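In our numbering, each number is its position in the sequence shown, counted from 1, plus 552.
Honestly, the hints are just simulated from the structure, not real lab data.
All figures in this text were calculated on a predicted structure; none of them were measured in a lab.
Treat the hints loosely; a few may be bogus.
[Unchecked claim] Computed beta-carbon distance windows for the label pairs: (1) 678 / 699: 21 to 31 Å; (2) 610 / 721: 40 to 50 Å; (3) 610 / 726: 35 to 45 Å; (4) 575 / 710: 26 to 36 Å.
Beta carbons are placed, not taken as given, at the ideal position from N, Cα and C, and that holds for glycine.
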Amino acid sequence: MTRFGQSLLLARRLVEAETRFVQVTWPAGSDSEPVPGPDGSWDTHRNNFPMLRDHRCPVFDQSLSAFIEDMATRGLLERTLVLAVGEFGRSPKIGSPTTNNVGPGGRDHWPECYSFLVAGGGVRPGCVYGQSDRHGGWPKTDPVHPYDLVSTIYHAIGVAPDTEYHDTLNRPRRLVESGQPILGLF
């Protein structure tokens, strides 16, 4: 079993023990489990396609799908929201340096279009929301801003995204400054 798979197994056990919030991050490589790439991360500024095809995606796909199936079989998925998301997408321009020393076959950071997975917590199984252009560079339908994703998370756990609270200086703040829940997922 991979470290990512072990991390997801531990996450399931924590949910069974009624831990309210669990975060699993992608483990970087180590001496005991070397992962090709600069640090074992998804930061594929060089050799994007072989890195994903041969190393990252097989581990991620097998581990996450087993985790979701395990959670569903145990009846935990109904009360647990699962997200797989990074902080941005990848440029549709391959090997085109812009800011981060992109090398051959690499892809730079790209905030304009990205993917994320949401499961459980009332989300309809098999739902696909939105579409990119044919190059994966720009939203074609139903663009989603990060504020929308955060609003969706709050909505799924029963918290109104526009809930107001007061910070340490007693200034009024909203949980999410803008954005709307993606109701098409439910």
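- prompt: Where does the structure disagree with the numbered hints, that is, which hint numbers, in rising order?
  reply: Result: hint 4 breaks, nothing else.
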